[in-house]
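With the sequences and hints as input, model every part of the structure.
Those protein sequences? They're chains C and X, same order as listed. Everything in the first sequence is counted per the working numbering, starting at 1 for the first residue and increasing by one. Everything in the second sequence is counted per the working numbering, starting at 1001 for the first residue and increasing by one.
Hints are not guaranteed to be accurate.
Listed next, the stretches of chain C that the computed footprint assigns to chain X, with coverage defined by at least 3 CB atoms under 8 Å from CB atoms of chain X [what the hints assert, rightly or not]:
no.: 1; segment: 43–52
no.: 2; segment: 100–112
Which chain X residues stay away from chain C? Per the calculated CB distances, all over 10 Å, these [claimed, not checked]:
no.: 3; residue: His-1029
no.: 4; residue: Asp-1174
no.: 5; residue: Val-1202
no.: 6; residue: Ser-1210
no.: 7; residue: Phe-1227
no.: 8; residue: Arg-1309
no.: 9; residue: Arg-1341
Hint data in this document are derived by calculation from the structure and do not stem from the laboratory. By construction, the Cβ of each residue, glycine as well, lies at the ideal position given by its N, Cα and C atoms.
2 protein chains.
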Amino acid sequence: MVEPAGPVDPADWSCPVPVGHREQVVLGHGGGGRLSAELLADVFLPALGNPLLGQLADSTVVAVGGERLAMSTDSFVVQPLFFPGGDIGSLAVHGTVNDLACSGAVPLHLTAAFVIEEGTAIEVLRRIAASMGEAARAAGVAIVAGDTKVVQRGQGDGVFITTAGVGRVRDGADVRPERAAAGDAVLLSGSIGRHGVAVMSVRDGLQFGSPVTSDSAPVHGLVAALFDAGVDVHVLRDPTRGGVAASLNEIATAANVGIVIGETEVPVDAAVRSACTLMGLDPLHVANEGRLLVFVAEADAERALAALRATAGGEGAVAIGTVVADHAGMVVGNTAIGGTRIIDMPLGELLPRIC
Amino acid sequence: MVEPAGPVDPADWSCPVPVGHREQVVLGHGGGGRLSAELLADVFLPALGNPLLGQLADSTVVAVGGERLAMSTDSFVVQPLFFPGGDIGSLAVHGTVNDLACSGAVPLHLTAAFVIEEGTAIEVLRRIAASMGEAARAAGVAIVAGDTKVVQRGQGDGVFITTAGVGRVRDGADVRPERAAAGDAVLLSGSIGRHGVAVMSVRDGLQFGSPVTSDSAPVHGLVAALFDAGVDVHVLRDPTRGGVAASLNEIATAANVGIVIGETEVPVDAAVRSACTLMGLDPLHVANEGRLLVFVAEADAERALAALRATAGGEGAVAIGTVVADHAGMVVGNTAIGGTRIIDMPLGELLPRIC
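Written out as structure tokens, the structure is:
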């Protein structure tokens, strides 16, 4: 049972979010926010629990013989299947590659399982497969095993893809949320909110001035650059469902530390910002699929930023905050008008099926 | 492109099976038969192909550092979620455990990803999770990472589960379909067809005299018994979708050998046989979820049978046939009335969503 991180935020009152302890699954249970955490804590952990699953990281490090392996899985149900800047195929590769990379591992091998709705055009599958193959080659991973199932019309929706993967954890690497420590710098590899807004824009037929493309991309190159620069990386996270806000809250809770970010330091592209304003969304809650949050000791921060900025996909890397010993488990933002606010875990689902 | 293994079998004429080269996905593409193989060969292999995926085994052996790992994945979309002898949760564990075991590996770690339809009762998830946990503990594996996604009502169907897994291949083991060689004995761990008939019986509300329960079970203990007995195991396969017929045809094709089985040697429980007669099904085409096909040199056959029979789940193990140099790529059955017939790969789908 995950408790709210602080006092109730009036911003929560603005839309009819689902409440906890329901007897049926609601869309919010898939949103990566508090309801997702509740489902995990109430239903899955008691039944499946073991110390490794209990870590609740995006990927888990296991020992097999003499090797430390990272393992991860994600299902992708994004709608529509094709969106500006990507599609479900490349997204399914990036998602698992990124989860493995965020354990400090070199991603190696992926599996891919498809649940296909009867009537789906073979040509659609062909495009998705081509995109997956391209994304896998670009990320240096091989898809080594797979499965396809077909369900009747109306019992699925086009294509769902589940990828799982294995990576080899770098020698000496110790990357996990619990390592966030007071004094750490919080770095972000680039502007936020592009994936969520790109998917929304095609789904709702909205136009937000300039078109927004998803940031869907592998982040393993950024992670490699940090290790190659000799940085002692404490925590890595790709802020997907629930956005930067959810990732920071999970890390603050896991490490029992506070996090303070300067909201004006967080880069948000103009088109994303205006889309979020229009829809009443906080960009900190919007999903990213190619961004990286990095926690390092303050002394390593400049070197880490330089390494990120010198690497494709990290050109816009910035420091956005610091870890503090105060207000453990809570994330606080310094706002543009000089105040502070609690940056809470999103409760449910901003937008169903964003990934 | 998989060619028919032999001349057209008039038995194929008896129902309106889908034909190949369609422009849309049909249910038969998920059946584990020729249409599935065609989808793989036409769509997925060209895009995702690499030598490992091209092996087309149920699981793939990869090298990571100094270790040989088996990796496998399967999606489970069985309907109904609960059936006599099991449920989607235990099935999802057994399916991946069995695929790993069939590479000669000791199954170690699983991931589990859930795609849940909005409105599904939390209590249903709780029962499924409990069953998965129990199955995992019984099979000696840990579920170390997971994911949940929620889709809107009518865009899924209850719960789909995708498991993936990693196992450590036993030292010296070399288990793969290409090792089937003329002279090998073909062993089967028990009676066939129970899983398929059990699922059909609850779905269609049919009654077949005595109730049939699924054989859903892990086979890793049977595999361990073979290795512990010092048997040089050539090929292992759990005959799931498409049944024993599909598995034998895949092995005959992969190894470019012929296989002859004595149809009267294949154990079929009376209730399964009468259900198959009623529905016009060949038990050799019906799915199993806890059976094991074993190919060993003739000299090892008695020892292997003894090891299987002494192990839980293998009490009914029998020799059902031999590998021959004749009619490469083809499986032939000696029938009860003294004739022979070609045992062909099923084309499409006997029954959608059997696993």
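Quick rundown of the hints versus the structure:
no.: 1; hint: 43–52; in the structure: holds (count 8)
no.: 2; hint: 100–112; in the structure: holds (count 4)
no.: 3; hint: His-1029; in the structure: 5 Å, violated
no.: 4; hint: Asp-1174; in the structure: 18 Å, holds
no.: 5; hint: Val-1202; in the structure: 17 Å, holds
no.: 6; hint: Ser-1210; in the structure: 30 Å, holds
no.: 7; hint: Phe-1227; in the structure: 17 Å, holds
no.: 8; hint: Arg-1309; in the structure: 31 Å, holds
no.: 9; hint: Arg-1341; in the structure: 29 Å, holds
Violated hints amount to a single one, hint 3; each of the other numbered hints is respected by the structure.
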